[in-house]
Every structure is written in C-alpha cells, then in structure tokens.
Amino acid sequence: MQAKDRSTSPSSAPWNKGKIVGQKRPFKLQEVWAIRIRLQLASRIRDLALFDLAIDSKLRGCDLVALRVSDVAHGQSLSGTWALRWTTPWRSRNKWRYRQDHSLR
7 MQAKDRSTSP SSAPWNKGKI VGQKRPFKLQ EVWAIRIRLQ LASRIRDLAL FDLAIDSKLR
67 GCDLVALRVS DVAHGQSLSG TWALRWTTPW RSRNKWRYRQ DHSLR
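For what it's worth, this note's numbering labels the leading residue of the sequence shown as 7, then goes sequentially.
Bear in mind the hints are in silico, worked out from the structure with no lab data behind them.
Hints are not guaranteed to be accurate.
Just the calculated beta-carbon pair ranges, DEER-fashion [unchecked claim]:
no.	residue 1	residue 2	range
1	77	41	30 to 36 angstroms
2	17	55	42 to 48 angstroms
3	68	32	14 to 20 angstroms
4	31	80	33 to 39 angstroms
5	33	78	21 to 27 angstroms
6	41	21	24 to 30 angstroms
Under the rule of at most 20 angstroms between Cα atoms (straight-line distance), these lysine to any residue pairs were calculated in the SDA-like manner [claimed, not checked]:
no.	residue 1	residue 2
7	30	60
8	34	55
9	64	38
10	34	67
11	30	63
Every residue, glycine too, gets a C-beta built ideally from N, C-alpha and C.
With these hints in hand, go ahead and build the complete structure from the sequences.
As structure tokens, then:
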C-alpha cells in the first residue's frame, strides 16, 4: 500500500496564522468594572446578570449558558446553595457547590 501524502498545499494557510493562541490572561479589576458599566449603560440586563454570575462563580461559558432558572431558584426565592454541574471533555459530570456568600467548596 502506498501512504497518502498528507502535506498541505502551499496555498492553504492555517486559520490561526498570526493570531495569539493559548489561554488568555484574566481580566483586571478595572476591565471587569468597565464591562459592567458598559452593560448597564446599554441596558443589557441579561448579559450583565450572566457576566456577574460568571465572575462570581468562575464557571466556564458553556456551563454558564446551560444554567436554567430552576437550577438557582425555587418558586419566587433563590436557593441558599446551588448545585451547578460542569463538564470536562475527559470526565463525566462533576458538581460545584455554590454557596450564598459567593465562595466555592
């Protein structure tokens, strides 16, 4: 059997050529407040709530948007402790315990 030539043609460049790859640095406190102010001025209440929850809970974006109201509230009141699930590509489901004082166990 002949091995297939897997080299790329010279005309196709990588999609991320010239871009910075890898993990981004965390937001500075000044940047967090700037984002909050801009969301408030634009009256984007949903985005502001998601942003605040993301900062407070340290959830990843995919886990954050998967949340439902029933995960954090029962009826008209918020739960004291929230059981939030987060997933990883290599494991099954794990759980964060989110307490009302904004600290994770």
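How the hints compare with the structure:
| no. | hint | result |
| --- | --- | --- |
| 1 | 77 / 41: 30 to 36 angstroms | violated (24 angstroms) |
| 2 | 17 / 55: 42 to 48 angstroms | holds (46 angstroms) |
| 3 | 68 / 32: 14 to 20 angstroms | holds (18 angstroms) |
| 4 | 31 / 80: 33 to 39 angstroms | holds (38 angstroms) |
| 5 | 33 / 78: 21 to 27 angstroms | holds (23 angstroms) |
| 6 | 41 / 21: 24 to 30 angstroms | holds (27 angstroms) |
| 7 | 30 / 60 | holds (16 angstroms) |
| 8 | 34 / 55 | holds (19 angstroms) |
| 9 | 64 / 38 | holds (13 angstroms) |
| 10 | 34 / 67 | holds (18 angstroms) |
| 11 | 30 / 63 | holds (18 angstroms) |
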